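Undergrad: Use these hints to put chain B onto chain A, whose structure you have.
So the sequences go chain by chain: A and B. Numbering follows this note's numbering, with no gaps: position 112 of the first sequence is 112. Numbering follows this note's numbering, with no gaps: position 11 of the second sequence is 11.
Read the hints as simulated data drawn from the structure, not as lab findings. Since the structure is predicted, the reported quantities are computational estimates derived from the model, not experimental observations. Each residue gets a CB set at the ideal place from its N, CA and C atoms; glycine is no exception. No false leads were mixed into what you were given.
Computed, partial: chain B to chain A, Cβ under 8 Å:
no., residue
1, R47
2, T50
3, D90
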Amino acid sequence: MKQFLIFVKKEFAHVLRDRKTLLILFGMPIAQILIFGFALSNEVKNARIVVMDQAKDDASRNIIARIASSHNFELVHTVNNRRQLQAAFKSGTIKLAVIFPANFNADLLHQNKAQLQVIADASDPNYATTVTNYVSSIVQDYSAEINEQTVIPYRIIPQIRMLYNPQLKGAPSFVPGVMALVLMLVCVMMTAISIVKEKETGTMEILLVSPMSPLMIIISKAAPYLLLSLINLTSILLLSTFVLDVPVKGSLLLLFAESTLFIITCLSLGIFISIKTSSQQVAMLISLMGMMLPTILFSGFMFPIENMPLPLQLISNIVPSKWYYIIVKTIMIKGLGFTAIWKETLILTGTTLALLAISLKSFKIRLS
Amino acid sequence: MEALQIQHISKHYNGKTAVNDVSFSVSKGEIFGLIGPDGAGKTTILRVLTTLLLPDRGSATVDGLDVVNDYKQIRNRIGYMPGRFSLYPDLSIEENLNFFATVFNTTVEENYHLIKDIYVQIEPFKKRRAGKLSGGMKQKLALCCALIHKPVVLFLDEPTTGVDPVSRKEFWEMLKQLKQQQITIVVSTPYMDEANLCDRIALIQNGKLLSVDTPENITGSYPDTLYAIKAGNMHHLLKLLSTWDAVLSSHAFGEFAHVSFTNSNINEAEVISHLQQQGLENIDLKKITATIEDSFINLLNN
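Isolated chain A, as found in the complex (with noise of 0.2 Å):
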C-alpha cells in the first residue's frame, strides 16, 4: 500500500511539473468544449441572402421583410435582373435567392397558388438544404396565417414536437461526444506516454528489479490517470451547465460509474499501447491515430452512424466511444436510468475486461 501511496504521487508530480502535460490535461477538455460550443454549430446563423422582387406587391413585400427579420438571414440587396443574380452566386458573397415573379399576389388570390423560386448555394449541401428549409417554412407560415379565415377541407396539420431537446440546439448533442473524445485522448494517451517515459528513460529497469509485482506496477502507474480523467469529467460538466446551459438530467452518480467505467476501457488501452510500442512519439501518433480518428467518425457524434455503409456501421460496434456516447446521451439529455443503457453497459464492461486482460497478460515482467 505504501509502495502504491508513493507511486501515485510520483506520477502527480510528473503531471504537475510538466506545464505541456499540465495544460493538454486540463486545458484541452475546456478549449474543446468551449470551441464546439461556441464556434461549431450546425445552426445556421446571418445567411447572406438576395432577393429578387418582381412583384413587389402585398404578398412580397410581407414575405420578404418576414425574411429579413430572421435571425438566420442577412439580406444583403435586391437585384432586379437575372444577370445580377448570377454574378452574385458567382462571388461567392452569397448563399440563397428568392425570387417572386411578377403577378405573385394577383396568381395566390385569383389562381389560389402562386409560385416563388428559391435558388441555394449548394456548394456545401446541408447549408444549403438548412437554408432553404428556413424559407420553406417562412413561406408556410405566412400561408397558414392568410388562410386563418377560409375553411379547408381535408387537412392534415403535424403536430410536431422535439423531444428531449426542443429548441435543436447544438450543444446537447456534443456534450456527449466532447466528453467521450476528452476522456480517449487523456486517458489512453497519457497512461501510454508515461509508460512509455519509464522504458526509454531507463526507469522500467529498476522498477522490473524491484519487489513490485507488474500488477501493482500497472494499477499504480494507472491510477492517477483514472482520478485525473473524473477532474476533467466534472470540469467539462460544470461548463456544459453553466456556460452552455445542457445540464445533467439524469442520476449525476449513475453518469459518473458509467465514465468510470468507460475511463478504465480507455486505461486498458493506453496500457496495450505502451506495452507494443518503445518510443514516445510512436504512442502518441497510435494514440491519436488510433483513438481519436474512431472516436469522431464512429461514435455518432458528428457523422450518424445510420447513414453508413453497412461495414462501417459493424466496425462501429467495436469503437467504445460509441456505446458510451450512447450511455452519456441517454443519461445526460434524456434523463433516463440505468435500465435505458443496460445493454450497453453490458457491452462496455465485456470490452473493458477483454482490454484490461489483454495488456495484463501482455505485460512483460522482463525486458524484451
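TA: Then chain B, alone, in the frame of chain A:
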C-alpha cells in the same frame, strides 16, 4: 560461498550472438569486474543476472536462487544500476531516494548507514531535481538508490562511463567501502585501468570470456618481456615497429609504444641502435610489467 554462479550462458539477438557459452562464479563480498569494450556482452550478462533477460542456454543463480524460476525472490535481494542514468529527472534527489526506498519495501532511515558516506556529498542539493545534476552527482544518487534496500548483490552496469576522472576515483573508493559491508559487487566497465581495483575480473570480447582471474594473476601470466619505447617521432616509430621482424607485437599506449620481441632476451642497446639507424631521435626504452590492457590485447591475438 558463492554469491552468484553462471553456467554456459548463451544469448542471441536476432541471430546475432551477444553472449556465447559464458561461465564464471563470484564469491561473497567480492568486487568482480566484467571488463571489455562496448558491445562485448557485458550488459547482456548483467541483465541475465538481474532477471531482466532470459538466457537462450545455460543457467545462472544469484544468492543460490535460479534467475529464471526464482526471479521474484532475486528481485527482492539485488540492487541494480543500469548503464544510463535511470532515475526520474523531474523528481528531486530526496524524492528519488524516498521513492526507490519505498518501492523496495524499506525506508531511507533504516539503511541510512549504508549510503551515508555517499549521500552526504549530494545532500546539500537534495531539493534539486535529478535532471539538473552533474554526471558525477547523478551517479552518486543512482548508487544511493540502488543501495538503499541493502542488497545482497549489487550490479553496476558501466557506472563510470561519462564521469570525470575525479568522480571515477571517488566512486571506486565508495565501492571499496561497500565491500566492508559484505555486499557483493558485480561491475562492468570498458576502462581497463579500473580492472586493478577489482578483486577478480573477467575479460570479455565478442560475447566470449577470454580469462577470469585476479588482475595480478592475469598481468602476471603475460608470456613475454614487455618494453615501453618512446621516441621524438612517435608516428615514425610505430610504423617502424610494425614492420620490424624482430618485433612480436607492438601497440600504442599513451605516449609510449608497448613492444615485445620474438627474442625475449634481446639487448636493449641493440634495439636503441637499430632505431637510431632508422633515423629516430630521443629514444627512451624501459622494461615494464604488463598492464591489464596488454594482457587483454595479448589474449585477443591468441
